[in-house]
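The listed protein sequences correspond, in order, to chains W and F. For what it's worth, the working numbering labels the leading residue of the first sequence as 2, then goes sequentially. For what it's worth, the working numbering labels the leading residue of the second sequence as 180, then goes sequentially.
Since the hints were made in silico from the structure, they are not lab data. There may be inaccurate statements among the hints.
Below are the SDA-like pairs computed for lysine to any residue, each with C-alpha atoms no more than 20 Å apart in a straight line [claimed, not checked]:
#1 W/K363 with F/P338
#2 W/K430 with F/K346
#3 W/K363 with W/F434
#4 W/K430 with F/P338
#5 W/K196 with W/F209
#6 W/K162 with W/A145
In case you want the letters, here they are:
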Amino acid sequence: MNFAVPNIAPAVPEIFILVMACAILILDLFLNDSNRHVGYFLTLATLVGAAVVTVRSFHHTAVYTFNHMFVADMLSDVLNLAIYGLTFFVLVYSRRYLRERGMFRGEYFVLALFGVVGMMIMTSAAHFLTLYLGLELLSLSQYALVAFQRDSSRATEAAMKYFVLGALASGMLLYGMSMLYGVTGSLDIGLVRQKIEAISSGNVVLIFGLVFIVVGLAFKLGAVPFHMWIPDVYEGAPTAVTLYVGTMPKLAAFAMIIRLLVGGLQGLSANWQEMFLIMAVLSMALGNVAAIAQTNIKRMLAYSTISHMGFFLLGIVSAGPAGYGAAMFYMLVYTTMSLGGFGMVILLSRAGFEAERLDDFKGLNQRSPWHAFIMLLLMFSMAGVPPTAGFFAKLLVFQAIVNAGYVWLAAVGVLLSVVGAFYYLRVVKLMYFDAPVDSSPIKVDADLQLMMGINGLAMIAVTPWVGALVNLCSQAIRSIS
Amino acid sequence: MYSAHALSLAIWLPILGGVAVLFTGGDTNAHWARRLSLLIALAAFAATVPLYTGFDQHTAAMQFVENYSWIPAFNIDYHIGIDGISLPLILLTSFTTVIVVIAGWVVIQTRVSQYMAAFLIMEGLMIGVFASMDAILFYVFWEAMLIPMFVIIGIWGGPNRVYATVKFFLYTLLGSVVMLVALLFLYFKGGNSFDIQSFYTLKLSMSEQILIFFAFLLAFAVKVPMWPVHTWLPDAHVEAPTGGSVVLAAIMLKMGAYGFLRFSLPILPDASHELAWLMITLSLVAIVYISLVALVQEDMKKLIAYSSIAHMGFVTLGFFIFNAQGMEGGLIEMVSHGFVSGALFLCVGVLYDRMHSRQIRDYGGVANRMPVFATFMMLFVMANVGLPGTSGFVGEFLVILGSFQVNGWYAFAAATILVTGAAYTLWLYKRVIFGNVVNDRVAALHDVGVREFSFLALLAVAVLAMGLWPSPFLDVMHVSVNHLLVQAATSKL
Numbered sequence: 002m003n004f005a006v007p008n009i010a011p012a013v014p015e016i017f018i019l020v021m022a023c024a025i026l027i028l029d030l031f032l033n034d035s036n037r038h039v040g041y042f043l044t045l046a047t048l049v050g051a052a053v054v055t056v057r058s059f060h061h062t063a064v065y066t067f068n069h070m071f072v073a074d075m076l077s078d079v080l081n082l083a084i085y086g087l088t089f090f091v092l093v094y095s096r097r098y099l100r101e102r103g104m105f106r107g108e109y110f111v112l113a114l115f116g117v118v119g120m121m122i123m124t125s126a127a128h129f130l131t132l133y134l135g136l137e138l139l140s141l142s143q144y145a146l147v148a149f150q151r152d153s154s155r156a157t158e159a160a161m162k163y164f165v166l167g168a169l170a171s172g173m174l175l176y177g178m179s180m181l182y183g184v185t186g187s188l189d190i191g192l193v194r195q196k197i198e199a200i201s202s203g204n205v206v207l208i209f210g211l212v213f214i215v216v217g218l219a220f221k222l223g224a225v226p227f228h229m230w231i232p233d234v235y236e237g238a239p240t241a242v243t244l245y246v247g248t249m250p251k252l253a254a255f256a257m258i259i260r261l262l263v264g265g266l267q268g269l270s271a272n273w274q275e276m277f278l279i280m281a282v283l284s285m286a287l288g289n290v291a292a293i294a295q296t297n298i299k300r301m302l303a304y305s306t307i308s309h310m311g312f313f314l315l316g317i318v319s320a321g322p323a324g325y326g327a328a329m330f331y332m333l334v335y336t337t338m339s340l341g342g343f344g345m346v347i348l349l350s351r352a353g354f355e356a357e358r359l360d361d362f363k364g365l366n367q368r369s370p371w372h373a374f375i376m377l378l379l380m381f382s383m384a385g386v387p388p389t390a391g392f393f394a395k396l397l398v399f400q401a402i403v404n405a406g407y408v409w410l411a412a413v414g415v416l417l418s419v420v421g422a423f424y425y426l427r428v429v430k431l432m433y434f435d436a437p438v439d440s441s442p443i444k445v446d447a448d449l450q451l452m453m454g455i456n457g458l459a460m461i462a463v464t465p466w467v468g469a470l471v472n473l474c475s476q477a478i479r480s481i482s
Numbered sequence: 180m181y182s183a184h185a186l187s188l189a190i191w192l193p194i195l196g197g198v199a200v201l202f203t204g205g206d207t208n209a210h211w212a213r214r215l216s217l218l219i220a221l222a223a224f225a226a227t228v229p230l231y232t233g234f235d236q237h238t239a240a241m242q243f244v245e246n247y248s249w250i251p252a253f254n255i256d257y258h259i260g261i262d263g264i265s266l267p268l269i270l271l272t273s274f275t276t277v278i279v280v281i282a283g284w285v286v287i288q289t290r291v292s293q294y295m296a297a298f299l300i301m302e303g304l305m306i307g308v309f310a311s312m313d314a315i316l317f318y319v320f321w322e323a324m325l326i327p328m329f330v331i332i333g334i335w336g337g338p339n340r341v342y343a344t345v346k347f348f349l350y351t352l353l354g355s356v357v358m359l360v361a362l363l364f365l366y367f368k369g370g371n372s373f374d375i376q377s378f379y380t381l382k383l384s385m386s387e388q389i390l391i392f393f394a395f396l397l398a399f400a401v402k403v404p405m406w407p408v409h410t411w412l413p414d415a416h417v418e419a420p421t422g423g424s425v426v427l428a429a430i431m432l433k434m435g436a437y438g439f440l441r442f443s444l445p446i447l448p449d450a451s452h453e454l455a456w457l458m459i460t461l462s463l464v465a466i467v468y469i470s471l472v473a474l475v476q477e478d479m480k481k482l483i484a485y486s487s488i489a490h491m492g493f494v495t496l497g498f499f500i501f502n503a504q505g506m507e508g509g510l511i512e513m514v515s516h517g518f519v520s521g522a523l524f525l526c527v528g529v530l531y532d533r534m535h536s537r538q539i540r541d542y543g544g545v546a547n548r549m550p551v552f553a554t555f556m557m558l559f560v561m562a563n564v565g566l567p568g569t570s571g572f573v574g575e576f577l578v579i580l581g582s583f584q585v586n587g588w589y590a591f592a593a594a595t596i597l598v599t600g601a602a603y604t605l606w607l608y609k610r611v612i613f614g615n616v617v618n619d620r621v622a623a624l625h626d627v628g629v630r631e632f633s634f635l636a637l638l639a640v641a642v643l644a645m646g647l648w649p650s651p652f653l654d655v656m657h658v659s660v661n662h663l664l665v666q667a668a669t670s671k672l
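Sequences are here, hints too, so could you generate the full structure?
Written as structure tokens, this is what we have:
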């Protein structure tokens with residue numbers, strides 16, 4: 002028997018956050034309502050601490066541990082850093098919102114941190130089971146978060162839908178993995194890859210397994226036709242939770258795609274490429290068209306998410322390192338935009354009032370030019386208008402797809418992005434050209450104000466450094482192969 | 180010696196200046212916003228002057244070149260430079276912005292800092308379009324420019340402004356995105372480079388050229404605008420504030436035409452020749468048919484908007500007859516039309532500020548109350564008609580001359596504008612300015628003040644200078660135009 006102690010160094014950030022999450026959970030028992038903020042600040046400190054650890058132990062080459070089940074490489078480090086940063090923003094954005102709705106409790110922070118650990122495990126998975134473990138840790142935290150507002154029937158309904166469909170998708174994924182295990186006899190992603198390359202193409206069980214895996218992935222991403230949960234969950238969940246659900250988990254889903262499909266099933270790329278191609282076109286079309294009809298901004302942003310997943314998938318469809326790098330950049334930009342979009346909904350909400358109708362944005366420029374400008378940047382970025390980050394994200398995926406020989410797909414994509422521009426413009430129109438319906442002053446705390454400013458300006462300030470970011474993404478992608 | 184960053188300065192000074200103007204805050208500081216904007220606009224104009232004085236007229240090579248790597252992973256560079264084709268347009272842009280700032284001085288009373296900032300930022304972006312040597316950089320400037328214009332029409336526009344501005348934005352966006360796909364295609368065709376000049380030497384088959392030509396055509400034709408994708412322009416012009424109309428007519432329309440010169444002709448010479456019949460037909464339709472449409476307009480701004488479409492038809496006609504007269508005529512017409520249409524929109528603005536009406540029937544006998552104004556407007560109207568001695572004459576004459584060499588009928592159709600153009604412009608002038616004072620509101624009009632006099636006088640000088648002594652403009656573009664003609668005549672099959 003070999004009882005060698007595994008090298009835990011690559012997993013220190015995960016362990017650190019897990020320990021802190023447990024500590025906060027226990028600490029919270031001894032806190033009363035007047036000093037709940039201790040848990041809040043500890044959570045923020047945990048994220049900063051984890052970021053410091055990750056930066057200090059940055060992995061330029063892959064390090065495997067836990068019997069080759071866990072890997073720390075550049076991809077996982079970069080994504081983890083993005084996840085810490087986004088979570089930090091999410092918590093700061095949510096602080097007042099949670100407090101005003103009686104949700105400012107230790108459990109919220111603990112669930113958020115558990116979710117972060119889940120995502121980190123997903124970004125570092127080198128084994129099907131690790132991946133599944135991370136995914137479930139994230140998903141269960143998210144189900145609970147959506148249902149956090151116990152008395153809200155809307156939130157409970159959303160949580161129920163999310164749970165049932167999510168569990169189904171997890172089941173699909175697991176079933177697909179079991180088929181792959183049946184064919185290859187291994188759950189180790191690296192070994193599966195070698196086995197598949199040795200097997201001649203056209204193995205039916207393999208293709209079957211792949212289909213189930215792709216379904217599971219598409220559900221987590223929210224690509225059409227597995228998108229049904231997105232609008233309901235985004236709308237029903239408390240906005241602070243929507244903010245959480247709509248941002249970081251997308252990065253984790255990206256990691257899952259890269260680890261599973263690119264890392265493990267590259268040999269079947271011709272097959273999954275086709276499936277994603279169809280889903281990409283459907284997502285871009287349905288997301289953009291359905292968003293036009295929405296009057297609720299959370300629902301509109303939900304459909305916008307679906308369309309963005311379509312654009313993101315273009316990068317995956319092109320099936321090459323440049324395409325994956327472009328997809329990664331797209332996801333990073335998208336999560337930042339989504340963070341800002343939902344953050345603005347939170348910013349305009351106040352006790353007893355949810356600013357979730359589009360009409361609540363009317364005349365924002367007269368009420369607060371600064372916030373209107375931030376939202377304008379976010380909207381133009383989502384629409385993909387230069388010189389915002391959203392444009393470069395779209396440009397790079399289109400470039401990848403043209404490179405892969407799909408000029409027609411790029412043409413479809415750009416035309417659908419014009420359709421999308423319409424509803425983003427409508428938000429700008431409401432803010433700038435219409436008279437306000439709600440003239441109550443906007444009270445914003447300094448921390449939210451500052452973070453929101455950074456978030457919005459990042460959309461345009463990043464322009465000169467797009468090159469460096471793209472480089473980082475392509476290096477991260479290269480680090481896995 | 181001139182600074183190595185003269186061109187970057189011309190682009191970024193107004194953009195950063197515009198951002199600075201935003202920081203003057205609300206309308207309580209409006210007077211500071213105005214003064215600062217004028218200062219920045221003048222400085223930005225001054226920054227473009229060295230581009231002219233330091234320009235070498237004897238070479239077609241790009242000058243004032245700056246090249247920095249921007250997104251190395253995809254070979255996208257910050258690569259700028261100018262030649263004799265872009266230089267006059269850059270000067271036109273910085274000149275027009277000064278005029279627009281002065282013109283908005285009193286008229287704009289709400290959100291002044293945002294208004295001024297939008298125009299200054301737009302100036303920098305437009306200069307960027309004319310200076311870009313990298314296709315993606317070009318596209319970034321080209322699209323980014325839509326944002327300030329969208330806001331300008333939407334906030335300070337007329338009653339139907341939201342419809343007009345959304346139409347404007349979506350129309351132009353739709354045109355441009357297809358161009359983006361074409362640029363990406365060229366990137367992979369041409370060995371992974373977005374350098375526009377590297378596209379020039381790229382071998383392309385006829386079918387590829389034709390597809391790309393149509394992709395470009397959609398983008399540029401919407402911007403010019405050419406018949407039948409011109410319908411956004413009258414709406415946008417009518418609803419835009421005066422300054423917005425001036426920039427739209429004087430500069431934005433020129434970008435489409437510039438695109439033909441920078442992209443379509445040299446990259447796709449064979450397709451350009453193959454499809455010249457189409458371009459000439461569309462141009463002639465614009466000249467003949469749109470002139471007739473202009474004749475029946477009752478709204479002054481709409482009339483000038485249609486007149487712009489007709490004149491831009493002249494420009495595109497000049498480009499696609501492939502000779503030096505035509506091309507130089509088209510270029511001169513672009514600059515001249517920039518001055519003239521800008522001036523005419525300002526004239527309408529002067530009247531509108533007093534009467535709050537653009538309907539021709541509300542006016543009559545204005546000359547009795549505003550003699551100085553009437554004199555200026557007379558000059559601009561004559562320039563629009565193409566009277567010898569004004570800038571309008573040089574361009575139109577050269578284009579007609581050039582088209583005669585190709586086909587007498589082209590020249591005949593094009594020359595009808597001399598009749599219809601005179602008809603609609605002079606008839607407009609007659610109805611508005613001459614006759615008896617028609618109502619009490621006209622009777623209460625007062626003549627132009629110092630501010631209005633100053634910008635009208637500046638434009639009048641420009642119009643006359645270009646008409647009487649065009650060689651400073653022609654000399655600058657001469658070598659570049661000949662170089663372009665050679666490129667357009669070299670088959671790439």
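Worksheet item: Do the alpha carbons of W/K363 and F/P338 lie within 20 Å of each other, as the hint requires?
Response: 17 Å, holds
Fill in: Proposed proximity, F/P338 with W/K430 (alpha carbon, max 20 Å)
With Cα atoms ~14 Å apart, W/K430 and F/P338 stay inside 20 Å; holds.
Worksheet item: Given the proposed pairing of W/K162 with W/A145, does the C-alpha separation stay at or below 20 Å?
Response: 12 Å, holds
Worksheet item: Taken at face value, is the distance from the CA of W/F209 to the CA of W/K196 at most 20 Å?
Response: Roughly 16 Å between the alpha carbons, so the hint for W/K196 and W/F209 holds.
Discussion item. Holds or violated: W/K430 and F/K346, Cα atoms, limit 20 Å.
Written reply: Between W/K430 and F/K346 the Cα gap is close to 12 Å, so the pair holds against 20 Å.
Item to complete: Given the hint that W/K363 pairs with W/F434, test it: the Cα-Cα distance must not exceed 20 Å.
Response: Given that 20 Å is the threshold and the Cα spacing comes to 8 Å, the pair holds.
Hint check: no violations occur; every hint is consistent with the structure.
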